Amino acid sequence: DAKTTQPPSMDCAEGRAANLPCNHSTISGNEYVYWYRQIHSQGPQYIIHGLKNNETNEMASLIITEDRKSSTLILPHATLRDTAVYYCIVRENTNAGKSTFGDGTTLTVKP
Amino acid sequence: GAVVSQHPSWVICKSGTSVKIECRSLDFQATTMFWYRQFPKQSLMLMATSNEGSKATYEQGVEKDKFLINHASLTLSTLTVTSAHPEDSSFYICSASPPRGLTEAFFGQGTRLTVV
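Protein sequences, first through last, are from chains A and B. Residue numbers for the first sequence follow the numbering used here, so the first one is 1 and each next one is one higher. Residue numbers for the second sequence follow the numbering used here, so the first one is 112 and each next one is one higher.
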């Protein structure tokens, strides 16, 4: 799996958009970008994934740069319950349960 | 959606005893399950890959005789921490390979093990 780099922490005001960056400059052509989050003392929760096109679901949007070397997860209207550690993972679509977790970004949403 | 359930959510045991943690896929069959360990303020570290009907594959540095994994059915994998010591205290999380048509992993809620 390609290595990812994320800022260790970020703050966001409640109701505002949270933009979480991830660098994955060594990503290969068949690797996808996955985002998970982990709320304190819980298991990770899947958020979204993409290959090269931007993706949107009910939780978030994923913006992947044209060269695929970085991406941004966007939570459009952050709430206090979005406070969590967000992990960006780059891997192939096979062997989905086997993921290499980096240190992630601790997002703190403040009132 | 696919649900993975772990049991127990937390457990306290005495040093030297063994503890079994269960990981179940509730509404799908998982040929492969994965076990992770997470120490406080650290990320998840993969311990082993559990394949239904065969021996588990352990990551480098993980003692297979200490962390016994059994995957006897397509919906259940168990992790037994044998002769537990305080340094084994950690958050243990399992995940399951997804149902057909999905590519994201599904994680259990985790088990907090405290060895006293």
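Heads up, a few of these hints could be off.
Said to hold, decoys possible - Result set (EDC-like, lysine to aspartate or glutamate): computed pairs, CA atoms no more than 20 Å apart in a straight line:
(1) B:K125 / B:E170
(2) A:K98 / A:D67
(3) B:K175 / B:E133
(4) A:K52 / A:D103
(5) A:K110 / B:D176
(6) B:K152 / A:E31
(7) A:K3 / B:D199
(8) B:K152 / A:D11
(9) A:K110 / B:E174
(10) A:K69 / A:E31
(11) B:K175 / B:E163
(12) B:K175 / B:D138
(13) A:K98 / B:E174
(14) A:K52 / A:D67
(15) A:K110 / A:D11
(16) B:K152 / B:D176
(17) B:K177 / B:D138
(18) A:K110 / A:E92
(19) B:K131 / B:E174
(20) B:K152 / B:E198
(21) B:K152 / A:D103
(22) A:K3 / A:D67
(23) A:K98 / B:E198
(24) A:K110 / A:E14
Said to hold, decoys possible - Chain B is faced by these chain A residues, among others (derived, beta-carbon under 7 Å):
(25) C12
(26) G50
(27) N93
(28) F101
Rather than coming from a laboratory, the hints here were simulated on the basis of the structure. If you're wondering where the values come from, they're calculated on a predicted model, not measured in any experiment. All C-beta atoms, glycine included, are put in the ideal place defined by N, C-alpha and C.
Does D67 of chain A lie within 20 Å of K98 of chain A when you go C-alpha to C-alpha? 25 Å, violated
Given hint E198 of chain B paired with K152 of chain B - CA-CA distance at most 20 Å: 15 Å, holds
Take a quick look at whether K98 of chain A and E198 of chain B sit within 20 Å of each other, Cα to Cα. Between K98 of chain A and E198 of chain B the Cα gap is close to 24 Å, so the pair fails against 20 Å, i.e. violated.
What's the verdict on K152 of chain B and D103 of chain A, does the C-alpha distance respect the 20 Å limit or exceed it? It holds: about 9 Å lies between the C-alpha atoms, which stays within 20 Å.
Take a quick look at whether K152 of chain B and E31 of chain A sit within 20 Å of each other, Cα to Cα. Answer violated: K152 of chain B to E31 of chain A is near 28 Å, above 20 Å.
Quickly compare the C-alpha distance for K125 of chain B and E170 of chain B to 20 Å and report which way the hint goes. 26 Å, violated
Has the given pair, K3 of chain A with D199 of chain B, been kept, meaning a C-alpha gap of at most 20 Å? 27 Å, violated
20 Å limit on alpha-carbon distance, applied to hinted pair K175 of chain B and E133 of chain B: 17 Å, holds
Below or equal to 20 Å on CA atoms is what counts here, so check K110 of chain A against D176 of chain B. Violated. K110 of chain A to D176 of chain B sits at ~46 Å, over the 20 Å cutoff.
Does C12 of chain A hold up as a contact with chain B if the rule is Cβ-Cβ below 7 Å? Violated - the Cβ of C12 of chain A stays beyond 7 Å from chain B, reaching only about 21 Å at its closest.
Given the hint that K110 of chain A pairs with D11 of chain A, does the C-alpha gap stay at or below 20 Å? 7 Å, holds
Checking one constraint from the list: CA of K110 of chain A to CA of E14 of chain A, max 20 Å. Satisfied? 6 Å, holds
In summary, the structure is inconsistent with hints 1, 2, 4, 5, 6, 7, 9, 12, 16, 17, 18, 23, 25 and 26 from the numbered list given earlier, while agreeing with the others.
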